[in-house]
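Visitor: Spelled out, the chains give:
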Amino acid sequence: MTCIPAHTEKKLGLVIDLDTCVGCQGCVTSCKEWNTGGSMAPLTDLNPYDGGVDGVWFNRVHTYEQTTEMGGRTVHFPRSCLHCEQPACVTVCPTGASYKRTSDGIVLVDEDKCIGCKLCSWACPYGAREFDVDVGVMKKCTLCVDRIYNENLDQEDRVPACVAACPTGARHFGDLGDPTSAVSQLVAEREGVDLMPELGYRPTNKYLPPRSRHGRAAATPDPKLDAIKAEGGFLGWVDRMLSR
Amino acid sequence: MHPAFSLVFFTTATGAGYGLLALVGIFSVLGLASPLTGFCVASLGLAFALIISGLLSSTGHLGRPERAWRAFSQWRTSWLSREGLASVITFIPAGAFAIGWIYLGPGNIWVSIAGILAAVSAMITVYTTGMIYASLKPIAQWHSRFTAPGYIAFSLMTGSVLLNAMLHVFGAESLPPTIVALATTLWGWAWKWRTWSHNDTLGSAISLNSATGLKEGTVRSIEWPHTEENYLLKEMGFRIARKHQARLRLITQLLAFLVPVLLICGSVLLWQPLGIVFSILAALSQFCGILVERWLFFAEAKHNVAVYYGR
Numbered sequence: 001m002t003c004i005p006a007h008t009e010k011k012l013g014l015v016i017d018l019d020t021c022v023g024c025q026g027c028v029t030s031c032k033e034w035n036t037g038g039s040m041a042p043l044t045d046l047n048p049y050d051g052g053v054d055g056v057w058f059n060r061v062h063t064y065e066q067t068t069e070m071g072g073r074t075v076h077f078p079r080s081c082l083h084c085e086q087p088a089c090v091t092v093c094p095t096g097a098s099y100k101r102t103s104d105g106i107v108l109v110d111e112d113k114c115i116g117c118k119l120c121s122w123a124c125p126y127g128a129r130e131f132d133v134d135v136g137v138m139k140k141c142t143l144c145v146d147r148i149y150n151e152n153l154d155q156e157d158r159v160p161a162c163v164a165a166c167p168t169g170a171r172h173f174g175d176l177g178d179p180t181s182a183v184s185q186l187v188a189e190r191e192g193v194d195l196m197p198e199l200g201y202r203p204t205n206k207y208l209p210p211r212s213r214h215g216r217a218a219a220t221p222d223p224k225l226d227a228i229k230a231e232g233g234f235l236g237w238v239d240r241m242l243s244r
Numbered sequence: 245m246h247p248a249f250s251l252v253f254f255t256t257a258t259g260a261g262y263g264l265l266a267l268v269g270i271f272s273v274l275g276l277a278s279p280l281t282g283f284c285v286a287s288l289g290l291a292f293a294l295i296i297s298g299l300l301s302s303t304g305h306l307g308r309p310e311r312a313w314r315a316f317s318q319w320r321t322s323w324l325s326r327e328g329l330a331s332v333i334t335f336i337p338a339g340a341f342a343i344g345w346i347y348l349g350p351g352n353i354w355v356s357i358a359g360i361l362a363a364v365s366a367m368i369t370v371y372t373t374g375m376i377y378a379s380l381k382p383i384a385q386w387h388s389r390f391t392a393p394g395y396i397a398f399s400l401m402t403g404s405v406l407l408n409a410m411l412h413v414f415g416a417e418s419l420p421p422t423i424v425a426l427a428t429t430l431w432g433w434a435w436k437w438r439t440w441s442h443n444d445t446l447g448s449a450i451s452l453n454s455a456t457g458l459k460e461g462t463v464r465s466i467e468w469p470h471t472e473e474n475y476l477l478k479e480m481g482f483r484i485a486r487k488h489q490a491r492l493r494l495i496t497q498l499l500a501f502l503v504p505v506l507l508i509c510g511s512v513l514l515w516q517p518l519g520i521v522f523s524i525l526a527a528l529s530q531f532c533g534i535l536v537e538r539w540l541f542f543a544e545a546k547h548n549v550a551v552y553y554g555r
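Read top to bottom, the protein sequences are chains A and B.
Residue numbering for the first sequence follows my numbering, beginning at 1 and increasing consecutively.
Residue numbering for the second sequence follows my numbering, beginning at 245 and increasing consecutively.
Don't read these hints as lab results, they were simulated from the structure.
Note that the structure is a prediction, hence the values are computed from the model and not measured.
Virtual Cβ for every residue (Gly too), placed ideally from N, Cα, C.
Careful: at least some of the hints might be erroneous.
Here are the computed lysine-lysine pairs in the DSBU-like style, where the Cα-Cα straight-line distance is at most 30 Å [what the hints assert, rightly or not]:
(1) A:Lys32 / B:Lys478
(2) B:Lys478 / A:Lys113
(3) A:Lys113 / B:Lys381
Derived CB-CB ranges, DEER-like [said to hold, decoys possible]:
(4) B:Gly554 / A:Thr44: 38 to 48 Å
(5) B:Cys532 / A:Thr68: 30 to 40 Å
(6) A:Arg202 / B:Cys532: 19 to 29 Å
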């Protein structure tokens, strides 16, 4: 049913640290590797070894340059489904294929009901959903629902594949509905933010902004050397002779 | 947004078909339509042909069209589901109206009631079509107060110009339907003009700062996650229309509004056989113009996700 639950028992989601993400794409490939054999399988690739390669991915890492008064910095930005509390992708679905789970808040697609009308992807401002032209249905991040509850895996592996893969610990998984959880405390401590809050989708996933650099690492261009002069002595003579 | 031809044709054809159905219903109740059975069969037949071909065309947009029946289930939240239901429900009064006219004649009270019900449900269907687009927050050009009324305006406009042509063909032309055709065309023109002026003031609703949560300073995309165009860029990053915007808007205005207005005026003033030709040409020109308009409606619309790609 495409009505959104008024309350979910948990709000499982990700917290992504933009300060420590190095843009290695490890989470991207790990996501693809797990999910192309997981519950949403396959994540079709078209022309994988040719020009015009195209394929379904649940997680994409962009790279941005942020320029402030403190200077410039490169920010790697992983983008995936935010498992919103007000997911318009669910309410627009005409068939009930898209749904938000009452138990943990995960937004999923029932691929057997999807008619491939693509309206959910139009309703998502975050570009979380990608259409599989080969299968004719919409696909999206499942928050690795087939890992996090998987009793065949060791306890430490029951996290989304992207979280397990991240070498810098930039991705955290947990219950954002519980204010005492590690992820909730991390968000509170680092002042985590919602993406596009003005649209009112109320994303569950949070992003931790890069830490302030206290003016140490401002990436400004080197100053001109002309103004630098040696004061007197042999060095002053060398400087004067070479400046001619 | 990528302008899929299946959707461009679907919205244009069903709009014209439902408009024609609604106006045939209302004009026959008012006694302003031709009483000939031939007129009923031809005009309602044309309306049904436009509606059915449009609805079939819309399934061409689906990845799994064999499951289309599932789309009738989520009417509580989904405008697409409501549109599907409304389009099917409309066939009940519309069918009763068509059959009643043929067997009972257009003057019968039950036929009139069916005609009014058909007109109302046709307009509800067109409204639900408009709301599919108007309900999408990430697309500012669609998520506006102009979208759904625009769909109704264009439906009545194309329907009335078609009706005027059908009345000419059956020698039953009169001033009221001609005036309605002219008035709705001018209304549609004014509405489109207002919509475009509104859209031109929108700019980019969402900044990259808001999209990335990097609140300070300026944020610039320096590297995409992929080297080739992906689904998002193909479906939602469509840019060709924005390049040719001015010329396409001019073509729309000529074909959909100016040429039909001149031809309809000509059909009134000129010698009768020419009137038939002019009124048919007006309908054809307008249909082509609205196809261009609808192509632009999709192609000009900018989805928020493009912000992530610096577009």
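Visitor: Checking one constraint from the list: CA of A:Lys113 to CA of B:Lys381, max 30 Å. Satisfied?
Guide: Holds, at roughly 24 Å.
Visitor: Falls inside 19 to 29 Å, the C-beta gap from A:Arg202 to B:Cys532?
Guide: 44 Å Cβ-Cβ, so the 19 to 29 Å window is violated.
Visitor: When you check the alpha-carbon spacing of A:Lys32 and B:Lys478, does it fall within 30 Å?
Guide: Given pair A:Lys32, B:Lys478 holds - Cα atoms ~21 Å apart, limit 30 Å.
Visitor: Mind checking the hinted window 30 to 40 Å against the Cβ distance between B:Cys532 and A:Thr68?
Guide: Taking Cβ atoms as reference, B:Cys532 and A:Thr68 lie about 52 Å apart, which means the hint is violated.
Visitor: Do the alpha carbons of B:Lys478 and A:Lys113 lie within 30 Å of each other, as the hint requires?
Guide: holds, 24 Å
Visitor: Is 38 to 48 Å a correct range for the gap between the Cβ atoms of B:Gly554 and A:Thr44?
Guide: Distance hint for B:Gly554, A:Thr44 is violated at roughly 27 Å.
In summary, the numbered hints that this structure violates are 4, 5, 6.
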